[in-house]
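One-letter residues, chain by chain:
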Amino acid sequence: MTENSIVKTEKKGEVTTPELTGGNVTFTPRVDIIETAEELLLFADIPGVKPEDVDVKFENGELILHGRCNPRFDSAGLLLGEYEVGDFYRVFALNESIDAEKISADLKQGVLTVHLPKSPAVKPRKISVKEK
Amino acid sequence: MQLSRWEPFGSMWKEMNRLQREMNQLFSHLGSDGRPGLAVSFPALNVWQDEGTVYAEAELPGMELNDLEIFVTGGNQLTIKGERKQPKLDKGTWHRQERGFGSFARVVSLPVDVNPDRVEARLVNGVLTIRMPKSETAKPRKIVVKAE
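Chain order of the listed sequences is A and B. Taking the working numbering, the leading residue of the first sequence gets 17, the next gets one more, and so forth. Taking the working numbering, the leading residue of the second sequence gets 954, the next gets one more, and so forth.
Relax, there's no trap hidden among the hints.
Capping the alpha-carbon separation at 25 Å, the derived lysine-lysine pairs in DSS-like fashion look like this:
1. A/K124 to B/K1041
2. B/K1041 to A/K134
3. B/K1044 to A/K118
4. A/K139 to A/K118
5. B/K1041 to A/K118
6. A/K142 to B/K1044
7. A/K124 to B/K1038
8. A/K66 to B/K1038
9. A/K124 to A/K134
10. A/K66 to A/K118
11. A/K73 to A/K139
12. A/K73 to A/K134
13. B/K1034 to A/K124
14. A/K134 to B/K1044
15. A/K118 to A/K73
16. A/K118 to A/K142
17. A/K73 to A/K124
18. A/K124 to A/K66
19. A/K134 to A/K118
20. B/K1044 to A/K124
21. B/K1044 to A/K139
22. A/K139 to B/K1041
Keep in mind that the hints were calculated from the coordinates and are not lab data. Just so we're clear, the structure is a prediction, and the values are computed from it rather than from any experiment.
Let's have the full structure, built from the sequences with the hints guiding it.
Here it is, written out as structure tokens:
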């Protein structure tokens, strides 16, 4: 990560700070984050989470992603179990250069996309040089 | 995904259960491609059954059914093939790149024969569920015992 990065780091200590929701297992979703001139774009894989069960919060400079997901089947007849089903939770600390009012998110086929537009102050500006 | 597990109570028996399950998986005939020990093959599968049906489930976020090929051969060989394509993005600086993309194929042997013509697949919220009705010969039959 570059030194002047806009994404600082994840919270120190326990990366996944759980919110207890009926004792579900909690996973850290895999994410991609790309920074362009205009915005930070975040993608998180949260398969099995319904749109109404996703919470995206931005407070005190932290972006909090939480997706609730309940078990989908009864394990009584299980023949092969290679993964567990549970909640997704992850927190990122961002610096103040995000325009919090304009953050938007959508969920499609288990992929959460969060648009975090930069505040005008930090957007690169092109200065036109006049000829004299 | 295995590494990012968080166990709320970190209880010992849960871990032991998991260990046992993984060991069973290692030696089970359901192991991927018939090569034991390759439990990391993608996609990870959960397979379960009830009286008349075998179900298989896989987490495939960001995919469409059109990107997938699902078929049953030889009565009990389930194949899932596909490609997860990376979305095209404008140039920028990557801060995290943790998600995987590319082609995959997975074959598992089911413990019973299923009817290949009646296999149904659904992809909802990035979760693939395959419903495979057991073939008539594989269904349990109740034998009436007559008393004389």
